[in-house]
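In this note's numbering, the protein residues as written are 1 to 166.
Derived by calculation from the structure, the hints in this document are not laboratory data.
Any given hint could be a false lead.
Subject to a maximum C-alpha distance of 27 angstroms in a straight line, what follows is the list of computed DSS-like cross-link-like pairs (lysine-lysine) [to be verified]: (1) 99 to 12; (2) 5 to 99; (3) 137 to 12; (4) 137 to 99.
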Amino acid sequence: MMGTKEILEFVKIEHTLFSLPFVLIGYILAYNQFFYEPTSSDFGWIRMDLLWILVAAVGARGLAMALNRIIDRDIDAANPRTSGRHLVSGSMSMNTAWKLSAIFLGMLLIGAWQLNEVALMMAWLPVLAFVIYPYTKRYTWLCHLWLGLCLGLAPAGAWVAVAADV
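Go ahead and model the full structure; you've got the sequences and the hints to work with.
Structural data, given as structure tokens:
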């Protein structure tokens with residue numbers, strides 16, 4: 001049985017925490033564009049949408065990391081730097097990795113569903129980008145550009161979550 005610590009290590013939770021400020025920037029920019037009232041000095045920008053954006057963002061990032069680990073497990077086995085990763089070392093089964101992927105996908109979809117129809121209809125875009133990324137590492141030096149696109153989807157997704165409600 002995998003513990004919480006191992007799961008958080010598997011999906012590199014620290015990377016998720018590092019990406020949240022960018023999600024918040026997308027949220028705040030959209031909020032200021034569509035809802036900001038200059039006379040307001042309270043924290044009116046904190047709405048229920050923010051919770052669902054964070055759920056979707058954590059789900060998306062966890063899914064991206066899990067898919068990357070699953071797709072690259074054979075390559076990770078041949079690389080001394082990555083040979084100790086969970087799937088390669090056997091400390092996590094493929095079955096568990098796929099279950100975690102399903103949970104993270106569920107978080108992304110539930111968060112998007114709670115936000116608005118546009119966010120839900122567009123939720124397949126980051127999933128596709130996450131599946132493509134591990135293959136770009138094999139076939140092109142543009143993999144870093146693709147990774148940047150994947151990371152850039154976070155603030156864009158937060159913006160859509162707010163803007164589509166207008």
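Quick rundown of the hints versus the structure:
The straight-line distance between the Cα atoms of residue 99 and residue 12 is roughly 17 angstroms, inside the 27 angstroms bound, and the hint therefore holds. Simply put, residue 5 and residue 99 have alpha-carbon atoms about 16 angstroms apart, close enough for the 27 angstroms limit, and the pair holds. Among the hinted pairs, residue 137 with residue 12 is consistent with the structure: their alpha-carbon atoms are about 19 angstroms apart, no more than 27 angstroms. At most 27 angstroms may separate the alpha-carbon atoms for a hinted pair to count; residue 137 and residue 99 meet this at roughly 24 angstroms.
The structure meets every hint from the earlier list without exception.
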